[in-house]
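K.L.:
Chain by chain, the residues:
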Amino acid sequence: MCLSIPAKIEQIHGETAVCSVGGATYEANLQMLSTETLQPGDYVLIHTGFAIQKLDVEEAEASLKAFADFKKLNEDMDREEKENNQRLI
Amino acid sequence: MKYIDEYRDRETVQALAREIKRISKRPVKLMEVCGGHTMSIQKFGLPALLPETVELISGPGCPVCVTSRSYIDKAIAFCRQKDVVIATYGDLIRVPGSESTLEKERAGGAQIRVVYSIMDALQMARENPDKKIVFPGIGFETTAPGTAVAILEAYKEGVPNFFVFSAHKVMPPAMAALIDEGVKINGYIGPGHVSTITGKGIYMDIPVKFGLGVVISGFEPVDLMQSVLMLVRQIEDGNPQVEIQYKRVVKPDGNVKAQQMMEEVFVLGDDWWRGLGILKKSGLKIRPKYAAHDAEVNISSEGMVALREPKGCICGEVLKGLKKPKDCTLFAKACTPRDPVGSCMVSGEGACQAYYLYNR
Ligand code: SF4
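Chains A and B, in that order, are what the protein sequence lines are. If you count the first sequence from 1, position 4 lands on 3 in numbering that gives the first Met the number 0, and the numbers rise without skipping. If you count the second sequence from 1, position 5 lands on 4 in numbering that gives the first Met the number 0, and the numbers rise without skipping.
It should be emphasised that the hints constitute simulated quantities derived from the structure, not laboratory data. Ideal Cβ positions, reconstructed from N, Cα and C, are used throughout, including at glycine. This list has only true hints and no planted wrong ones.
On the chain B side, residues computed to face chain A include the following (Cβ under 10 Å):
(1) Val114
(2) Met118
(3) Lys246
In silico lysine to aspartate or glutamate, EDC-like type, Cα no more than 20 Å apart, as pairs:
(4) B:Lys280 to B:Glu180
(5) B:Lys280 to B:Glu295
(6) B:Lys246 to A:Glu60
(7) B:Lys24 to B:Glu51
(8) B:Lys322 to B:Glu180
(9) B:Lys250 to A:Glu60
(10) B:Lys130 to B:Glu104
(11) B:Lys250 to A:Glu57
(12) A:Lys70 to B:Glu10
(13) B:Lys199 to A:Glu58
(14) B:Lys155 to B:Glu262
(15) B:Lys288 to B:Glu263
(16) A:Lys71 to B:Asp8
(17) A:Lys64 to B:Asp8
(18) B:Lys1 to A:Glu58
(19) B:Lys20 to A:Glu79
(20) A:Lys7 to B:Glu5
(21) A:Lys53 to B:Glu5
(22) B:Lys155 to B:Asp119
(23) B:Lys246 to A:Asp68
(24) B:Lys199 to A:Asp55
(25) B:Lys130 to B:Glu295
(26) A:Lys71 to B:Glu10
(27) B:Lys199 to B:Glu262
(28) B:Lys20 to B:Glu235
(29) B:Lys208 to B:Glu235
(30) A:Lys53 to A:Glu14
(31) B:Lys1 to A:Glu26
(32) B:Lys155 to B:Glu263
(33) A:Lys64 to A:Asp75
(34) A:Lys53 to B:Asp252
(35) B:Lys130 to B:Glu152
(36) B:Lys1 to A:Glu60
(37) B:Lys288 to B:Glu152
(38) B:Lys183 to B:Glu235
(39) A:Lys64 to B:Asp4
(40) B:Lys24 to B:Asp236
Given these sequences and hints, build the entire structure.
P.N.:
Right, here's the structure in full:
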């Protein structure tokens with residue numbers, strides 16, 4: 000019940016939005032957000048039929064970039080371990 | 000799916016696991032408060048990736064699990080009254096009361112309808128003016144604002160046959176009570192969707208009073224591993240604080256509009272939690288202004304049965320993180336998701352069900 004999913008807004012009709020997740024569509028009540036700040040293409044978190052927050056795309060991209068750096072570090076470590084034939088961690 | 004798959008990336012999870020292993024020196028117990036986290040942790044097998052120094056334990060954040068049997072008993076008493084229809088989230092219908100469940104009542108002819116949103120219950124009330132629609136409101140700060148929206152709409156529009164039976168609760172008193180009771184933990188993985196509404200302010204006491212860190216986390220495996228890393232780092236540095244891992248969704252102040260609606264409709268009152276007993280100011284009660292939509296004020300619970308707790312169920316201990324589901328002698332024997340004895344086995348967010356499905 001406490002699960003929420005990021006869904007993409009397809010259309011807005013007053014205080015309701017039609018949203019999609021993968022191939023499925025959902026209706027979301029927008030009364031908890033300011034509709035002026037929303038537009039089709041935005042992602043919102045839906046919980047029991049309500050959009051409870053707009054997903055911050057900049058933050059999402061920033062975290063994904065940080066993860067990419069992390070993975071690179073990890074690969075470097077892998078390589079070093081292989082070269083030295085010694086386990087670092 | 001965008002903004003889901005990236006946070007399930009196996010290599011990222013492994014990279015994070017390695018970093019945790021690198022920096023973790025002291026043995027720590029971290030509690031994931033939210034049942035959604037418990038499910039995700041078990042489903043993605045995260046404990047196996049963590050070093051021996053890091054143990055995850057599940058906490059009291061499954062709304063169905065902490066709800067009292069007498070709440071279910073009362074809902075059942077309501078559904079036996081004339082013209083009452085119970086419109087509920089699916090999670091609730093199989094939760095055992097002292098003698099029955101809403102599902103059994105439905106088989107016996109009671110009108111029980113499963114809805115996806117409380118707005119569907121309100122719509123049902125508009126369309127059936129001769130029926131009394133009762134919606135059992137369970138859940139924490141994530142779910143309560145939706146209930147507030149529906150009550151405000153019913154009030155404004157005048158939908159006289161729409162009632163809410165509120166067992167909504169707030170999270171911080173339970174988190175403080177656990178530490179007061181002496182449950183030994185070293186940090187909290189904070190429920191991300193509670194803070195989507197409340198922001199981070201509600202936890203500011205925890206580092207100050209108890210010296211424990213809180214990292215507000217998302218629900219995907221990458222989110223959870225990063226949160227563990229952040230907590231381990233705080234502990235190793237001796238610097239407990241409230242941090243947000245789930246920044247793409249959680250803003251420091253949360254969702255102010257939702258908070259205002261919640262505040263308008265509800266007032267804090269004492270409430271009972273499975274495992275923790277009565278906690279001061281931990282329940283959301285409907286304010287007198289909206290009493291016309293309060294089921295407890297308007298619907299009779301005549302015939303409500305006396306409370307009886309099941310023998311052998313240790314849900315209360317599990318919710319406090321003192322015991323694991325496998326410590327229960329009924330686990331996976333007399334108690335299964337098909338035939339649950341306690342609430343922790345019924346709910347999709349209950350620790351017993353999570354262990355049953357993914358870690359038996
Ligand atoms: S396994 Fe069943 S009986 Fe045992 S604690 Fe969990 S819910 Fe209760």
